[in-house]
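S.K.: Guided by the hints, dock chain R onto chain E, whose structure is given.
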Amino acid sequence: MNGWSALDRFLQTDPEDVGCEQAMEMLHIYVELVAADADAAGHYPGIAAHLRACGPCAEDFEGLLAAVAGSGT
Amino acid sequence: MGRTLFAETKRCGLCRIVIMVSADPDAGGTRPSCAPTLDPDSAEWLRSLSATDRERDAALVRLHDLLLRIARGEVHRRSGQLRLSGPELDDVAHHAAADALVAITAKIGQFRGDSRFTTWTYKFVIFEVSTKIGRHFWRNPSVAMNAEDWDRLPDRFGLEPARELEWRELVAALHQAVDEVLTERQRQVFVAIVLNGVPLDALVAELGSNRNAIYKMLFDARRKLRAELVAKGYMDTEPERRL
Chain E
-19 MNGWSALDRF LQTDPEDVGC EQAMEMLHIY VELVAADADA AGHYPGIAAH
31 LRACGPCAED FEGLLAAVAG SGT
Chain R
16 MGRTLFAETK RCGLCRIVIM VSADPDAGGT RPSCAPTLDP DSAEWLRSLS
66 ATDRERDAAL VRLHDLLLRI ARGEVHRRSG QLRLSGPELD DVAHHAAADA
116 LVAITAKIGQ FRGDSRFTTW TYKFVIFEVS TKIGRHFWRN PSVAMNAEDW
166 DRLPDRFGLE PARELEWREL VAALHQAVDE VLTERQRQVF VAIVLNGVPL
216 DALVAELGSN RNAIYKMLFD ARRKLRAELV AKGYMDTEPE RRL
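Listed in order, the protein sequences are those of chains E and R. Just so we're aligned: the first sequence equals residues -19 to 53 in my numbering. Just so we're aligned: the second sequence equals residues 16 to 258 in my numbering.
Here chain E stands alone, though its shape is the one from the complex:
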């Protein structure tokens, strides 16, 4: 791994990133779109951008997706 580029990537910010609050507000809708193989990132590019950058929200997304998949919904 090139550490220099890893540091550069970490410092880069995405203007479409909506932040945690908005992403979490819509996460249940986003997850159902992902679970249904719909274009969730296309409909919510700001949430997709946020989930790429925010580890805790990405973890919640993975957890909610696993919960939905595991419950058969």
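Hints are computed from structural coordinates only; laboratory data are not their basis. Treat the hints with care, as some may be off.
What the hints assert, rightly or not - Quick list of the computed label-pair ranges, beta carbon to beta carbon: (1) R:Leu222 x E:Asp17: 36 to 42 Å; (2) R:Ala187 x E:Asp17: 45 to 51 Å; (3) R:Glu70 x E:Arg32: 43 to 49 Å; (4) R:Trp153 x E:Arg32: 33 to 39 Å; (5) R:Asp56 x E:Asp17: 16 to 22 Å; (6) E:Asp17 x R:Thr120: 30 to 36 Å; (7) E:Pro25 x R:Val245: 35 to 41 Å; (8) E:Arg32 x R:Asp166: 38 to 44 Å; (9) E:Glu5 x R:Asp166: 25 to 31 Å; (10) E:Asp17 x R:Val245: 38 to 44 Å; (11) E:Ser51 x R:Gln191: 48 to 54 Å.
Bear in mind that the values here come from a model prediction, so they are computed numbers and not experimental data. Idealized CB from N, CA, C, for every residue including glycine.
M.R.: Using the frame of chain E, we list chain R on its own:
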């Protein structure tokens, strides 16, 4: 991942809510509106939770059991990243389910039917698990909150010791930028998360803040630091980006 629930999505021009149009033609999916029709399971949850006495109590017990199952699954899923064992994990799950149930019953009027009711409730319990794991970090912290060891940075970003000559100057420039361009609060957040490896949710708990505020602070710090490093010629120019 199972059957297709929605044929397409549309965004309401008035309220910006994304409407999911059912794939089932019998479900009236051809005329989207921003008041989507509830699926039968969700409608039944709402009905039973708004019933009186015994029926509502029974629904609350069922919902709690469901939330506890989801919480247990989530703490198990995250257990590899945690310093918690079986009983502690189950304790986190129980507290998360109980607190999620309280939050759900308080906010049930905010459920707009834009997802299944259960998906909406799972979100609460997943968030509660995150919050409790963040708080749990400080019971046995692996780092001091106010430590500031810049020797950790190379490890954090995989900077190889053998190539120190290449990155030493960049790290020194980053250190200088942290000292000079960040506010005191941004600096505190950057040092805790980036240098000390404090999980963001743990920092939220320690500072009595919320995830959005801490993320925004780190976001602004990242943007300012990169701009400074670009200005000094250490990184390539990128368009200015804002949250």
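S.K.: All hints are to be evaluated individually against the structure, with a verdict given for each.
M.R.: Quick rundown of the hints versus the structure:
Between Leu222 (chain R) and Asp17 (chain E) the beta carbons are some 39 Å apart, a value that agrees with the proposed interval 36 to 42 Å. Checking the proposed 45 to 51 Å range against Ala187 (chain R) and Asp17 (chain E) shows it holds: the Cβ atoms sit about 48 Å from each other. Distance hint check: the CB atoms of Glu70 (chain R) and Arg32 (chain E) are about 44 Å apart, consistent with the given range 43 to 49 Å. At about 28 Å, the beta-carbon gap between Trp153 (chain R) and Arg32 (chain E) misses the expected band of 33 to 39 Å.
The hint said 16 to 22 Å for the Cβ distance between Asp56 (chain R) and Asp17 (chain E), and at roughly 21 Å that hint holds. Hint check: Asp17 (chain E) to Thr120 (chain R), Cβ distance near 33 Å, so the stated range 30 to 36 Å holds. The supplied range of 35 to 41 Å is broken by Pro25 (chain E) and Val245 (chain R), whose beta-carbon atoms lie about 25 Å from each other. In this structure, Arg32 (chain E) and Asp166 (chain R) break the distance hint of 38 to 44 Å, their C-beta atoms being roughly 29 Å apart.
Against the hinted window of 25 to 31 Å, the Cβ-Cβ separation of Glu5 (chain E) and Asp166 (chain R) comes to about 40 Å, which falls outside the hint. Asp17 (chain E) and Val245 (chain R) have their C-beta atoms about 39 Å apart, which keeps the hinted 38 to 44 Å range intact. Between Ser51 (chain E) and Gln191 (chain R) the Cβ separation comes to about 51 Å, which falls inside the hinted range of 48 to 54 Å.
In the structure shown, a violation is registered for the earlier hints numbered 4, 7, 8, 9, in ascending order.
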